[in-house]
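**Student:** So the sequences go chain by chain: R and W.
Quick note on numbering: numbering that gives the first Met the number 0 labels position 9 of the first sequence as 8, and the sequence is numbered without any gaps.
Quick note on numbering: numbering that gives the first Met the number 0 labels position 161 of the second sequence as 160, and the sequence is numbered without any gaps.
If you're looking for bench data, these hints aren't it; they were derived computationally from the structure.
Computed from a predicted structure; not experimentally measured.
Keep in mind that the hints are not guaranteed to be accurate.
Beta-carbon label-pair distances, calculated as ranges [as the list claims (entries may be wrong)]:
(1) R/E15 <-> W/K318: 20 to 28 angstroms
(2) R/E40 <-> W/P83: 54 to 62 angstroms
(3) R/L20 <-> W/Q502: 31 to 39 angstroms
(4) R/E40 <-> W/G2: 52 to 60 angstroms
Listed next, the stretches of chain R that the computed footprint assigns to chain W, with coverage defined by at least 3 CB atoms under 8 angstroms from CB atoms of chain W [as the list claims (entries may be wrong)]:
(5) 1-8
(6) 12-19
(7) 25-38
Far from chain R, some chain W residues (derived; all Cβ distances over 10 angstroms) [stated by the list, open to error]:
(8) N3
(9) P6
(10) M75
(11) T79
(12) N121
(13) G196
(14) V272
(15) V394
(16) V427
(17) D431
(18) G469
(19) R503
Note that beta-carbon positions come from the ideal geometry of N, C-alpha and C, so glycine has one too.
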Amino acid sequence: MGIERIEIQEEKTVKELIDELNLSSVLILLDLNGEVFYPDEKHNWRLKAGDTVTVIRIVAGG
Amino acid sequence: MAGNFSPVGEKEVTRTIVSEFATQFAEYVECDCIIVGGGPSGLMAGRNIAREGTKVLIVERNNYLGGGFWIGGYLMNKVTIRHPGERILDELGIPYREVVGGLFVADGPHACSKLIASACDNGVKFANMTIFDDLVLKEGGRVAGVVVNWTPISALPKEITCVDPVALEATLVIDATGHDAQVVRKLEERGLTTTKGFGAMWVERSEDLILEHTGEVHPGLIVTGMALSTVYGLPRMGPTFGAMLLSGEIAAKIALEKLHEGAAEALNIEGIVQYLRKKLKQVEVEVRGDPFALYLPQDGVLDCARKIASTKIQDATRKASSRQEPLYGEIEYEKRRILGKTRAFGVLYDGLELQRLFFELIPRGERSLEFVHILFTNRLFATWDEHDRRYHARVSVYGIPSIISTTGLVEAPAKPRDYYLLKQQYEVLGKDLLELKDRFKGAFIDYEDERLTEVVKGYVMQAVFYSLVGDPFCQDSGCRLYNAHWQEEVVFAQLGSEYEFCQRHRKLLEDGEWASKG
Numbered sequence: 000m001g002i003e004r005i006e007i008q009e010e011k012t013v014k015e016l017i018d019e020l021n022l023s024s025v026l027i028l029l030d031l032n033g034e035v036f037y038p039d040e041k042h043n044w045r046l047k048a049g050d051t052v053t054v055i056r057i058v059a060g061g
Numbered sequence: 000m001a002g003n004f005s006p007v008g009e010k011e012v013t014r015t016i017v018s019e020f021a022t023q024f025a026e027y028v029e030c031d032c033i034i035v036g037g038g039p040s041g042l043m044a045g046r047n048i049a050r051e052g053t054k055v056l057i058v059e060r061n062n063y064l065g066g067g068f069w070i071g072g073y074l075m076n077k078v079t080i081r082h083p084g085e086r087i088l089d090e091l092g093i094p095y096r097e098v099v100g101g102l103f104v105a106d107g108p109h110a111c112s113k114l115i116a117s118a119c120d121n122g123v124k125f126a127n128m129t130i131f132d133d134l135v136l137k138e139g140g141r142v143a144g145v146v147v148n149w150t151p152i153s154a155l156p157k158e159i160t161c162v163d164p165v166a167l168e169a170t171l172v173i174d175a176t177g178h179d180a181q182v183v184r185k186l187e188e189r190g191l192t193t194t195k196g197f198g199a200m201w202v203e204r205s206e207d208l209i210l211e212h213t214g215e216v217h218p219g220l221i222v223t224g225m226a227l228s229t230v231y232g233l234p235r236m237g238p239t240f241g242a243m244l245l246s247g248e249i250a251a252k253i254a255l256e257k258l259h260e261g262a263a264e265a266l267n268i269e270g271i272v273q274y275l276r277k278k279l280k281q282v283e284v285e286v287r288g289d290p291f292a293l294y295l296p297q298d299g300v301l302d303c304a305r306k307i308a309s310t311k312i313q314d315a316t317r318k319a320s321s322r323q324e325p326l327y328g329e330i331e332y333e334k335r336r337i338l339g340k341t342r343a344f345g346v347l348y349d350g351l352e353l354q355r356l357f358f359e360l361i362p363r364g365e366r367s368l369e370f371v372h373i374l375f376t377n378r379l380f381a382t383w384d385e386h387d388r389r390y391h392a393r394v395s396v397y398g399i400p401s402i403i404s405t406t407g408l409v410e411a412p413a414k415p416r417d418y419y420l421l422k423q424q425y426e427v428l429g430k431d432l433l434e435l436k437d438r439f440k441g442a443f444i445d446y447e448d449e450r451l452t453e454v455v456k457g458y459v460m461q462a463v464f465y466s467l468v469g470d471p472f473c474q475d476s477g478c479r480l481y482n483a484h485w486q487e488e489v490v491f492a493q494l495g496s497e498y499e500f501c502q503r504h505r506k507l508l509e510d511g512e513w514a515s516k517g
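Please build the complete structure, drawing on both the sequences and the hints.
**Tutor:** Right, here's the structure in full:
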């Protein structure tokens, strides 16, 4: 629900990944190799095949 | 002919007066503290509160400030002060001399002008020629501001003027209106308190009694100076001013305590830490303290304040797609919040944007799922809901870091339906909302609720589970991880259930799969 691990199959940019996962309107953080960032900071960052990206979805409660 | 003065014309002069006044007035429609009455106790209180970087406005009905402090009595301008009031004269640098043992005398104009100057020097702002008209009362009858008008308006017949007043919001209001006790009297008119009227003069007793009685008379309303005689039926004040100054000093102390008592500070953090250590054996738990003080460099305060101010939600029914540049006053307000000099009351922030700002405060090396950062705040935040297209107040936002709002715990989960129905009736009938709260005592979490720490432990565990298994919530309404939207659900899940965690989450805790995480 909040945190999901994804293995990248083929090279793509962060933006392409976000669009592919239909997450453009959702506030998320990404963890790539231990570095956590907001996707809009690194839209053009190229993800390599075999990279594991953790999608951290911000969740509100109450 | 060239003169000695700058070549500035009438229009520039007028424009300056108008724009400067309007800018300041707009900034001070929202204050930490509004003091009604600019006499010695009000000035003294204002000076000491503002000295701490707090936003203070004194509303004075006359054009001049200082009240009766210019003149000792009977139009004679020598003011008397009994010991220990001379301490304040020393503090303000006012010359005086001792007449007989313990009785001091000073020149009224010198004493009064020094006090006014000191209030100004410390940052107090003034709305003079402004008359107190009414109170702003919010939830539970809490005093949350004042309604004011120009003094001349009140002096003219209604058929000539017919000018509506305006309202100014404040976290605290201080009644320093002297024997008139105008602010308290207005509460009395509304059936929210009673006053006794001041008694006959008795100098030897009155000053001590004034100091003893200085304090909060109603949520959000502090009384200082001669107004206390009227409220409590104390001997009226004579022409001695020591108690006025010292009462102002006491009122300021009380006000500052109230302004600084963030709800998060009411949490027993050590109790929460012990609870976490018990639940998460082998996990290192550390209390860091104020993230602004720890991680925000001095030269980053202004920029951070601007960013926080821009997350303020102006209209809960309109999604802010692009933030407007905040007003100067809003930035200054957030600056004081960051510096721990005031607290936000009644301000609603975008929870997701606020969370992102807090993310930026976390040291880069700790921006990872290996750390569970939990931040307590008394800021109230909300998130946008596309379904009904409006913002909803929230208790928590889980991410890096997770934020838990103690104000959100009070304001976000809905109170019992009957409470809202009765509240409408109470408001129509002008009845005391505190009495209504008493009827529902225990049914919801309130401000300064002694159960707050216990309840927050459950939300802390939600943050922990979020970071560790990706989901902060549980469907079981008796589990502390239940995402409660009603106060009854909060009270049940956190305090009333027979078990702390459902079987599944209890097992996850017992297995301690996160032993390797920090």
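**Student:** With a C-beta cutoff of 8 angstroms, work out whether three or more residues of the stretch 12-19 of chain R approach chain W closely enough for the coverage to hold.
**Tutor:** violated (count 0)
**Student:** If I take the minimum Cβ distance from W/R503 to any residue of chain R, is it greater than 10 angstroms?
**Tutor:** 14 angstroms, holds
**Student:** For W/N121, is the shortest CB-to-CB distance to chain R above 10 angstroms, so the non-interface label stands?
**Tutor:** Holds: least Cβ distance 40 angstroms, greater than 10 angstroms.
**Student:** Classify the label on W/M75 as holds or violated, using whether its beta-carbon is more than 10 angstroms from each beta-carbon of chain R.
**Tutor:** 63 angstroms, holds
**Student:** Beyond 10 angstroms on every Cβ pair: is that true for W/T79 relative to chain R?
**Tutor:** Check passes; 58 angstroms lies beyond 10 angstroms.
**Student:** Is the nearest Cβ of chain R still more than 10 angstroms from the Cβ of W/N3?
**Tutor:** Correct as stated: the minimum Cβ-Cβ distance to chain R is 57 angstroms, above 10 angstroms.
**Student:** Look at the Cβ atoms of R/L20 and W/Q502 and judge whether their distance stays inside 31 to 39 angstroms.
**Tutor:** 33 angstroms, holds
**Student:** Return holds or violated for the Cβ distance of R/E15 and W/K318 against the range 20 to 28 angstroms.
**Tutor:** 26 angstroms, holds
**Student:** Three or more residues of the stretch 25-38 of chain R near chain W by CB distance under 8 angstroms?
**Tutor:** holds (count 8)
**Student:** Over 10 angstroms from every CB of chain R: does W/G469 meet that, or does the non-interface label fail?
**Tutor:** About 3 angstroms separates W/G469 from the closest Cβ of chain R, which leaves it inside 10 angstroms; violated.
**Student:** Over 10 angstroms from every CB of chain R: does W/V394 meet that, or does the non-interface label fail?
**Tutor:** 3 angstroms, violated
**Student:** Beyond 10 angstroms on every Cβ pair: is that true for W/V427 relative to chain R?
**Tutor:** 30 angstroms, holds
Of the numbered hints given earlier, the model fails hints 6, 15, 18; all others are met.
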